[in-house]
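Asks: Taken in order, these protein sequences are the chains called Z, C, G and U. Counting from 1, position 1 in the first sequence corresponds to residue 1 in the UniProt record's numbering; the numbering is continuous, with no gaps. Counting from 1, position 203 in the second sequence corresponds to residue 203 in the UniProt record's numbering; the numbering is continuous, with no gaps. Counting from 1, position 139 in the third sequence corresponds to residue 139 in the UniProt record's numbering; the numbering is continuous, with no gaps. Counting from 1, position 142 in the fourth sequence corresponds to residue 142 in the UniProt record's numbering; the numbering is continuous, with no gaps.
Computed Cβ-Cβ distance ranges for the label pairs, DEER-style:
1. U:73 - G:77: 57 to 63 Å
2. U:110 - G:148: 21 to 27 Å
3. U:137 - G:77: 53 to 59 Å
4. Z:134 - G:199: 49 to 55 Å
27 Å max Cα-Cα, derived BS3-like pairs, lysine-lysine:
5. C:213 - Z:111
6. C:23 - C:193
7. U:51 - U:131
8. Z:134 - G:149
9. C:213 - C:113
10. Z:111 - C:113
11. C:23 - G:11
12. C:149 - Z:213
13. G:213 - U:213
14. Z:23 - U:132
15. Z:149 - C:213
16. G:23 - G:193
17. G:113 - U:209
18. G:201 - G:2
19. U:149 - G:193
20. C:11 - G:23
21. G:131 - Z:149
22. C:213 - C:144
23. Z:18 - U:131
24. Z:9 - Z:63
25. U:134 - C:144
26. G:113 - U:113
27. Z:111 - C:201
28. U:144 - G:213
29. G:193 - U:113
30. U:11 - Z:18
31. U:113 - C:131
32. U:193 - Z:131
Just so you know, the hints here were simulated from the structure itself, not pulled from any lab data. Beta carbons: idealized from backbone N, C-alpha and C, even for Gly.
Number of protein chains: 4
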Amino acid sequence: MKYGVIGYKGKMGRLITKLFNEKGHTSVLYVDKNSIKQTDIPEIIIDFSSKDALPHTIELCIKNSANLVIGTTGLSNEDISSLKDLSKKVAILQSYNFSFGINIIVEILEKFKTLFSDWDCEIFEIHHSEKKDKPSGTAFMLEKAINRKINITSARIGGIPGDHTILFANQGELISISHRAISREVFALGALKASEWLLSKKKGYYTFKDVIKEGLK
Amino acid sequence: MKYGVIGYKGKMGRLITKLFNEKGHTSVLYVDKNSIKQTDIPEIIIDFSSKDALPHTIELCIKNSANLVIGTTGLSNEDISSLKDLSKKVAILQSYNFSFGINIIVEILEKFKTLFSDWDCEIFEIHHSEKKDKPSGTAFMLEKAINRKINITSARIGGIPGDHTILFANQGELISISHRAISREVFALGALKASEWLLSKKKGYYTFKDVIKEGLK
Amino acid sequence: MKYGVIGYKGKMGRLITKLFNEKGHTSVLYVDKNSIKQTDIPEIIIDFSSKDALPHTIELCIKNSANLVIGTTGLSNEDISSLKDLSKKVAILQSYNFSFGINIIVEILEKFKTLFSDWDCEIFEIHHSEKKDKPSGTAFMLEKAINRKINITSARIGGIPGDHTILFANQGELISISHRAISREVFALGALKASEWLLSKKKGYYTFKDVIKEGLK
Amino acid sequence: MKYGVIGYKGKMGRLITKLFNEKGHTSVLYVDKNSIKQTDIPEIIIDFSSKDALPHTIELCIKNSANLVIGTTGLSNEDISSLKDLSKKVAILQSYNFSFGINIIVEILEKFKTLFSDWDCEIFEIHHSEKKDKPSGTAFMLEKAINRKINITSARIGGIPGDHTILFANQGELISISHRAISREVFALGALKASEWLLSKKKGYYTFKDVIKEGLK
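Make a model of the complete structure from these sequences and hints.
Replies: Here you go:
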């Protein structure tokens with residue numbers, strides 16, 4: 001596919017460009033705070049930059065009739081509204097977490113939570129010592145998927161990119177479901193999957209959940 | 001419920017009796033190789049003894065119009081045939097593994113295997129040093145659920161009752177799903193769940209899978 | 001060896017008798033609240049019962065010139081004093097935790113703590129849902145061995161006999177040292193090791209640490 | 001300290017430069033296949049490049065009276081001889097594995113192996129799917145430290161930089177000691193530790209083991 005990257009000089013932007021090109025896709029639009037370079041019409045635009053970039057990103061999607069994969073965090077209700085408007089013209093996939101694995105686990109928990117309703121449950125997560133929030137947003141996502149009040153314990157040590165473990169136990173057995181982010185590349189991979197999935201969509205507002213669901217059929 | 005236990009003096013028989021009574025159920029039929037004691041009509045008969053006991057067990061089910069939960073291993077095709085015949089008169093639940101957790105994991109793997117089709121996979125299992133078979137039958141069940149050829153590694157060390165781990169990895173992330181049997185009580189718990197589930201059934205041949213599936217609705 | 005068991009009808013007493021006899025040792029003295037049976041002179045007396053039994057246990061050690069392995073918890077200073085007095089006549093081994101593995105880990109942590117002084121550390125422990133104290137006494141033992149303030153997180157779920165994990169992490173790597181109690185038998189095994197070790201001692205007051213240390217030479 | 005890097009444009013060279021500079025050390029010598037840049041006299045030269053570079057590296061050490069930290073793999077006996085000769089003039093620290101954690105674990109295993117002599121043991125290691133050797137060299141290092149024949153199982157999945165787990169089990173308990181490399185930065189950190197340790201040495205041939213041992217005093 002032909003794609004564009006917003007924030008192509010940033011950490012995520014560079015990871016995305018590297019991975020997409022390795023997979024045979026072609027970068028035709030590079031946008032950064034102070035620069036824009038375009039060589040062809042992108043089918044998809046990918047934005048993992050910051051909410052400030054959003055208005056320009058929306059403009060570029062309309063101008064190029066390009067679908068949008070957006071992983072920007074901290075979007076306001078107004079931002080979401082703008083995206084919903086845009087989704088009447090192009091297809092949008094928005095999520096706060098593009099790790100494929102975490103989204104699969106969320107789906108597993110939602111589908112199987114009733115089977116675990118009489119098991120004790122605990123969530124344990126580990127992140128690098130510089131991570132400020134505790135518990136992690138992902139831990140709350142997991143708790144929400146299980147749909148009951150769960151004790152979450154957190155460790156902030158060393159350089160761990162992100163481990164999440166859900167423990168289910170009864171008197172006779174223990175099940176643990178664990179996810180380890182090996183590196184930030186995981187999120188670039190998620191963006192790639194999302195882009196490939198979104199490519200054939202005409203318009204509409206999607207989340208990473210829809211990617212998982214289609215894979216389940 | 002009123003229940004009967006075949007092999008009530010054996011390891012599993014004693015665990016079952018202890019657990020069922022704790023949960024408020026009433027033992028009304030005790031059978032062992034050389035003894036039989038009956039105080040009332042059982043609604044369910046539970047048999048985790050040996051295949052030799054099967055003809056007598058079937059006879060008792062017919063006589064008492066009792067449903068049957070059977071966890072006996074090593075049944076022959078003939079044995080299964082006899083059970084199928086019996087299932088026209090009463091409800092039967094048969095499985096080679098009554099661990100609720102393992103059966104949930106099998107169900108998860110079957111439902112989500114397509115999402116993991118482009119992930120590397122490995123199964124690792126640990127059992128006590130006296131376990132003869134390697135890999136374990138449960139490891140093969142897990143491989144079958146994922147429905148592709150998987151490398152299985154096994155350790156036989158100390159007194160581990162049974163650990164099974166399925167690892168899924170791609171370039172950016174690692175998911176592990178682990179099951180630990182804490183003790184044999186896990187199988188008694190599975191028999192209890194199965195019995196409670198089977199109580200309301202009229203007739204038919206079921207497996208532990210059906211218990212899980214109903215819980216999923 | 002010829003040995004005696006205080007509280008031979010209790011959970012630990014029965015486990016100890018079973019294990020010691022399997023290993024070829026001979027039980028010659030059985031003591032319980034209301035009964036005493038003696039067939040020969042014991043070389044070692046093992047007491048994992050309750051502090052109330054202590055005066056009688058001491059009396060029996062003196063009478064038989066038997067060494068003492070004592071795992072009773074909640075001893076008062078006065079109790080310890082009585083044991084110190086006894087240790088002038090026979091050899092005593094006293095500990096609050098007879099798990100060989102935990103005592104090895106404590107020894108590892110004490111010996112290697114300086115190498116980990118610039119690593120982040122976290123202790124995570126899991127016990128069954130009925131365990132009242134949180135964190136566990138063993139978690140505090142581990143923290144004391146590392147000799148700095150450590151964040152301890154605890155889960156109380158299902159029937160877990162006892163898992164303890166120490167995590168050390170820096171920017172580039174993660175080390176975890178984990179201990180899992182498979183069953184209470186672990187403590188009977190510790191009592192066996194302690195008894196075999198204590199057999200050749202004439203008198204003195206020892207702890208499980210001394211058993212480990214001698215094994216290290 | 002003032003230091004020089006051989007292969008400064010390579011993956012390890014860049015990681016080393018980045019880390020050392022962050023810690024306040026000053027790079028004064030940059031060497032690569034086709035270029036050399038020197039601004040001052042280095043106290044230490046660090047070489048994680050290739051064995052082809054060795055003669056030039058040795059020459060530079062002599063010329064600058066600089067100590068040498070060398071992590072180059074696949075050295076021949078002749079190469080080692082050259083390094084031994086050099087070690088009569090400057091201090092050298094050579095190792096095939098600069099992960100501090102793995103070297104600590106090796107030390108723990110050597111010191112405590114006798115205590116585990118009657119435990120079952122198993123080594124399990126996971127690396128990325130492109131790693132050719134199986135088991136890993138590090139797994140053999142661990143086996144050698146325990147000093148008995150151990151079953152090693154290996155998984156090659158996804159992008160795992162390197163996990164190593166040693167399991168010790170008896171009838172009642174399971175101890176696992178695990179190491180996870182989070183990223184290649186771990187080896188740069190090891191080089192930093194080694195350099196700081198080597199700085200005060202006059203001459204002699206050392207290995208990473210000596211760094212660990214001194215930390216233990």
